[in-house]
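Here are the chains, one letter per residue:
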Amino acid sequence: MKTKVPPRFLGYVHLDNLVYITEEGEVLIKPDQKITVKGVADIEDGDDDEDKEVENICKNDPYADLRKSTDEEKKDDDDDTSQQSSLNNPNNEKYEKMIKMVPRPLKDHMPDFYLKPLIKLFEREKSGNSITTSSP
Amino acid sequence: MTYVILLHLLQLASVAITDDKPNTLKKVSKANPWQKEALKIITGSKQDAYKPLSSILRDHFGLTLDCHIDVSGIDRGRPLDTQGYIAHNDELIVLSYRCTTSALDWITNLSTTSSEWEPDIDIALGHAGYCSCLMGYDLPHFCGGISKENGDNIKKPRVHTGFYNNFLHTTPMILEHIAPLLKEDQKPRKLMVVGHSLGAGIATLAACYFILNFEWELLPHQLVCVTAGAPRSVKQNMADIVHERLATLRPMDKAFFCRVVLNEDVVVRVVYLLLSGPLYEYLYARVFFFVVLNHSFVDTPSTFEDKSTTKISGICASG
Chain C
1 MKTKVPPRFL GYVHLDNLVY ITEEGEVLIK PDQKITVKGV ADIEDGDDDE
51 DKEVENICKN DPYADLRKST DEEKKDDDDD TSQQSSLNNP NNEKYEKMIK
101 MVPRPLKDHM PDFYLKPLIK LFEREKSGNS ITTSSP
Chain Z
1 MTYVILLHLL QLASVAITDD KPNTLKKVSK ANPWQKEALK IITGSKQDAY
51 KPLSSILRDH FGLTLDCHID VSGIDRGRPL DTQGYIAHND ELIVLSYRCT
101 TSALDWITNL STTSSEWEPD IDIALGHAGY CSCLMGYDLP HFCGGISKEN
151 GDNIKKPRVH TGFYNNFLHT TPMILEHIAP LLKEDQKPRK LMVVGHSLGA
201 GIATLAACYF ILNFEWELLP HQLVCVTAGA PRSVKQNMAD IVHERLATLR
251 PMDKAFFCRV VLNEDVVVRV VYLLLSGPLY EYLYARVFFF VVLNHSFVDT
301 PSTFEDKSTT KISGICASG
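Protein chains in written order, with the working numbering: chain C, 1 to 136; chain Z, 1 to 319.
Think of the hints as simulated: they come from the structure by calculation, not from any bench. Yeah, the Cβ is synthetic: ideal placement off N, Cα and C, and Gly gets one too. Zero decoy hints are in this set.
Here's a subset of chain Z near chain C, in silico, CB distances under 8 angstroms, partners left out:
#1 L6
#2 A38
#3 Q236
#4 C258
#5 R259
Here chain C is said to cover these stretches of chain Z; the calculated rule only asks that three of the stretch's residues, wherever they fall, bring their Cβ under 8 angstroms from a Cβ of chain C:
#6 7-15
#7 227-235
Facing chain C, from chain Z, some residues (calculated, C-beta under 10 angstroms):
#8 Q35
#9 C208
#10 E264
Next up, chain C with everything else stripped away, as it sits in the complex:
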């Protein structure tokens, strides 16, 4: 939400290079060039064409093909881990229940949601399932 305020029609802009994390937890660097990070990658300067890059991703979802192969695997992993964490930690279950009621745009602004995909990526790489920067 914050990334859209204050409104652009008042002349405000963003400054820096964009790194975009998708709903599926993929980290996209230079989203306009469709570079997906699945392992260690350099985050370099890209075209900073404001939010057009992000809007295009939301509209066209150019990464659908790229994700297809790993979607099912990821879903299984997620189910397992969420069940485990709920069993181990009842407080977490309460939090997860509460968070389910929060609308997605607000949820996506929360710090823990920012950290989780990057941690997942890090753990995936540590376990040896990594692929270096790739582009479709």
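Starting from the known structure of chain C, fit chain Z onto it as the hints suggest.
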């Protein structure tokens, strides 16, 4: 920079939510339980999440806490509520700002006025200046326009007044704890300016201050700014100056700015849905009316492209 460093920096931004005072996290997490969750993720356990900030920084990041930033209240009619910390070790200096936690923070977030970027004057003054949002525009006097002193016709770059004021109140700590570490005779270090949400807005302006006020070409240090869920905090004329400076320093590997956006954080579906209907037209008409009256208020009228409701509907429909 690798995403591992990115993760590290987002963690450093998230831990700004706590400090060394007893029960800070407890108080904050009553209204913001996700902050506790983030700290649990970072520290690995609930017990560690409640530890003082200095312990977390020492145990998990190998950093020594130099100072807490804590400025809050109303100053000259302006809401102030800025927290954060400065820490360092032999390789890093970290300046981290806390995100939105209070009503005063929301007043800052919702503010849309801009002020001229003149830290040399405003740091001494301690704030952006009285009626700073009216300064620097060629408005007629009956519209509230105030002429600049000395007949200065060159328009200064403009930044978000709320974030700028919050940043200005933290400069005494920056000058005391960071400036000495950035001297030429110091060990080469990376200055990491980080923040999430409101903290990201303030961090962006702090990074602007560092990039424009230090001669990075001559210093042995590097400047890195990483923000998460950052609001827009500068106007185009400020962005142009910073991008130009970045273009010089980037090939020398001296400065790097990065903005992380998670999924729909950037696409405000709720607000867009509201704004794509009659309410938006109403607001648009009001703003347009204001701009016609004060034609110089908006630096780049072309930004009204944002009105494109078809584009907005497309984004909404995609979800």
